[in-house]
Amino acid sequence: MATQSSRSAARIMMAPAVFLLLVWMLVPLSLTLILSFKRFLPLRGDRIGERGDGFGDFLLDYITGFPTLDWVGFQNFASFASSGAFADAVVTTLVIVGGVLAVSVIFGILLAMLLDQPMWGQGVVRILVIAPFFVMPTVSALVWKNMFMDPTNGLFSHLWRAFGADPVVWLSDVPMFSLILIISWQWLPFATLILLTAFQSLDSEQLEAAEMDGAGPFARFFFIALPHLSRAITIVILIQTIFLLAVFAEIFVTTGGAFGTRTLTYLIYQRVLESQNIGLGSAGGVYAIILANIVAIFLMRIVGKNLDR
Amino acid sequence: MARAVTTPRKALNTAIAWTIGILIFFPILWTVLTSFKTEAEAIANPPVFLFFDWTLENYGVVQERSNYMRFLWNSVIIAGGSTILGIIIAVPAAWSMAFVPSKRTKDILLWMLSTKMLPAVGVLYPIYLLCIELGVLDNRYALVVILMLINLPIIVWMLYTYFREIPGEILEAARMDGASLKDELLYVLTPMAVPGIASTLLLNFILAWNEAFWTLNLTSVDAAPLTAFIASYSSPEGLFFAKLSAASTMAIAPILILGWFSQKQLVRGLTFGAVK
Amino acid sequence: MGRITLQKVQKKFGDVEVIPPLDLEINDGEFVVFVGPSGCGKSTLLRLIAGLEDVSGGQINIDGEDATMVPPAKRKLAMVFQSYALYPHMTVRKNIAFPMRMAKMDPAEQNKRIENAAAALNLTDYLDRRPGQLSGGQRQRVAIGRAIVREPAAFLFDEPLSNLDAALRVGMRMEIGELHKKLDTTMIYVTHDQVEAMTMADKIVVLRAGHIEQVGSPLELYRTPRNTFVAGFIGSPKMNLIEGAAAAEHNAQTIGIRPEHLDVSTTAGKWEGTVGVAEHLGSDTFIHIHGIEGCDPMTVRAGGEVSVKHGDTVFLTPQAEHLHRFDAEGLRIA
Ligand SMILES: Nc1ncnc2c1ncn2[C@@H]1O[C@H](COP(=O)(O)OP(=O)(O)O)[C@@H](O)[C@H]1O
Ligand SMILES: [Mg+2]
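Sequence order for the protein chains is A, B and C.
Under the working numbering, think of the first position of the first sequence as 716, with each following residue one higher.
Under the working numbering, think of the first position of the second sequence as -9, with each following residue one higher.
Under the working numbering, think of the first position of the third sequence as 221, with each following residue one higher.
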């Protein structure tokens, strides 16, 4: 299929996508990297060149490494890493990612198994279960925060009162639990859908053979179904991790990072846009990039293997 | 795995599955129902489920107060524009990778995937700064480009996996029949790939519609889409449940309907073809 | 017109030389069959002629003009693929019209040619169907229809019948043969099936590992195979190749005798053996005989009425005028 002319055509047709993504990756990354070594506090009067000079001058500043900003070496990295906020944020991030992963994988497997059973109206149930995934993150966060978790008028407070209990102030009393609940509600459908797809590709003859060999339902689940699912589970974990590390809107809308719900993403966002300590935030950004890349490497290995087939 | 089971067993499955399904769907259902209540009914204790005075009043108020149509229009432009632009750029690239593979194809695909994994917050300030310097902060066309770039790897991947299922011989036949490269793409490949292109469009439209990091951080008034519109309800209007519900329903209804059509493609698109 | 000449044409995939430099002459109006075992480079050679692959060296001339660098669309060749490669989203009519549409031919002329092709190929009733609604044989005919409306300089077929069942294959073989007689256009036909090659070709090109082993008419190849490979490849059942003492007797490394050129007797003959399996086809009987030195089993083609059974002792005598002799390199000794 490949002649010289089709190969050169292919190169030309691939060029726009490759070029755009290259720019999209390299320019912001290099900016973050440069800025992470700089002192840059716009609120205290630090400036990149003279503002309003036009884009050409900005480019010049960029190429020359922003000479108007002081070079501070690894100071930003050191102070970002040594602040108590960083350690807390890492813990918070890990708890949220881990919690949501646990909920969505465990319940995802159970739900997928359930949905794979013969029943009436399977298509409709599938749709019901998948729907939350399509709900805008700001909507789901707000609906949960107000209509369910509001301590005076929320549905949960009605429910608690109906049983004579005191309503829980969800987002401040058990903020992590509440966030994990909200985010899991959004991601459980994704896990279920992928695990269900994997389940359905399980060869029924294999299960029947195992049954003939005398394997009970538990043995069949642990020795045949689970190994078959292991790839799908790995993929669910890796992809969700990528997305969960970046969770933003749910926190932005519910707690605004208060009550110990400040994740690494949110911390960096606050440093950069709220307190406008760009150098510090950029150093945090570099940490976040490194963290995401560790996960990404594993995901790419799996996807890459799949390509060779 | 499915096979014949006894009717009572099937009835039990059905009962459990429906209960769980409705439980998971309940927040959406409750939101839609509440949007038709008055504010008093919305916070009533005990809650009213179906037997209340159905009213459309909230929808009118929301539209009037916050100019819902403008946010909707921004969402449509941003999600639609970024998706279509992405497809136009991705089709030729995916054609190249699927039909003229080279040693580097796999590396390029994986590299594209890796750009998708760049945490947004890591490049938040640079993008913010670039938008300011270019004078496109709070500009919906800037968001069209940014969301296109974010979703481009997924679009290329999805199209690539669909194209790979098309036999190369058909494109070669077109070449023998005298078709130029443009004819081959326009009259043979694209029509054959319509289902794949449509599902790619759909999924990426949904992802762009729901994108809530860049749309929240790079817009304020002019370019704000529905994600920002809803975020603005976070307080204190959020305590008016009926209006919040009406606004929410309007923000998610279009996408829920599209989403139901794209469940199957969702798996392929979000796992980069690794689960089938 | 359709005279195709290959000069020193060579193809490498990376470092692997699939086609070492070869020369070949295909005359106008000829039906040429490339035959050889699977993986020997037949398709690659055809695709080089089509322009779907670049040559790594050498030159391809079509009607006297250098076409080596001409893209496939401009070579005036039509190709029928093994998978038919029909456009699934177009009706039969649109499929057949596609090359004419690409050539921006006048619509009235297009229609005339479509009608003619459809009538010739029995497709008139199916013009408005999609390929998915047709049987394998019908799809094959559409692919041929799409090729003939362009009135190409030559037709290229890559194993066009291998996806059809046996009965249909025989029918299509004859249809393609008749088409060739009617159009009188050059056809290059690739197959791994020597029966197809023998029945259809004016000229057979036997390939092995990218080399041309022999070029000639079917009968030439049958009567005077140039080496042991061609001898074993052409003819069914295969020629018996005998080594050792029996060959030395004829001053050869190997001698060959076709199953139909052996006389069978239950009483006396040159070689003695025992019957293994006897395949009764009705018209003929193929007997596989064990225990003859230098060739085990030896196959004999006997009359349909021969009654031998497993374990019988038989005697074979080769017909001397049909004996083939080969030297240590496997080349024919004249
Ligand atoms: N695109 C390619 N890249 C590398 N090797 C190839 C390619 N196409 C064919 N080959 C190799 O060339 C040889 C000949 O293939 P082919 O021409 O398809 O054989 P045939 O059609 O006779 O069965 C085979 O060994 C095959 O593996
Ligand atoms: Mg072949």
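It should be emphasised that the hints constitute simulated quantities derived from the structure, not laboratory data.
Just so it is clear, CB atoms sit at the ideal spot from N, CA and C, and this is done for glycine as well.
One or more of the hints may lead you astray.
[To be verified] Taking lysine to aspartate or glutamate pairs in the DMTMM-like style, the calculated list, with each CA pair at most 20 Å apart, reads:
id	chain 1	residue 1	chain 2	residue 2
1	C	Lys294	B	Glu159
2	C	Lys324	B	Glu54
3	A	Lys1020	B	Asp97
4	A	Lys1020	B	Glu155
5	C	Lys314	B	Glu159
6	B	Lys93	C	Glu398
7	B	Lys93	C	Asp274
[Said to hold, decoys possible] Every beta carbon over 12 Å from chain A, so not counted as near; a handful from chain C, in silico:
id	residue
8	Leu242
9	Gly271
10	Glu273
11	Asp274
12	Asn471
13	Val484
Going down the list of hints, with the structure as the test:
1. Between C/Lys294 and B/Glu159, the direct Cα distance comes to roughly 18 Å. Compliance with the 20 Å bound is thereby established for this hinted pair.
2. Taking the CA atoms of C/Lys324 and B/Glu54, the gap is about 57 Å. The hint is violated against a cut of 20 Å.
3. A threshold of 20 Å between alpha carbons decides the hint, and for A/Lys1020 with B/Asp97 the separation of about 12 Å falls inside it, so the pair holds.
4. The straight-line distance between the Cα atoms of A/Lys1020 and B/Glu155 is roughly 18 Å, inside the 20 Å bound, and the hint therefore holds.
5. A hinted pair counts as satisfied when its Cα atoms are at most 20 Å apart, and C/Lys314 with B/Glu159 qualifies at roughly 18 Å.
6. For the suggested pair B/Lys93 and C/Glu398, the alpha carbons sit about 45 Å apart, so the restraint of at most 20 Å is broken.
7. Of the supplied pair hints, the one linking B/Lys93 and C/Asp274 holds, its CA atoms being roughly 18 Å apart against a limit of 20 Å.
8. Non-interface call for C/Leu242 relative to chain A: holds, since the shortest CB-CB distance, roughly 19 Å, exceeds 12 Å.
9. Distance check for C/Gly271 against chain A: the nearest CB is about 7 Å away, which does not clear 12 Å, and the non-interface claim fails.
10. Not every C-beta of chain A lies more than 12 Å from that of C/Glu273, the closest at about 6 Å, which undercuts listing it as non-interface.
11. With 12 Å as the threshold on Cβ separation, the claim that C/Asp274 sits away from chain A is violated: the shortest Cβ distance comes to roughly 5 Å.
12. No Cβ of chain A comes within 12 Å of the Cβ of C/Asn471; the nearest lies about 51 Å off, and the non-interface call holds.
13. Distance to chain A confirms C/Val484 as a non-interface residue, since its nearest Cβ pair spans about 50 Å, more than 12 Å.
Hints 2, 6, 9, 10, 11 from the list above are not met by this structure, while the remaining hints are.
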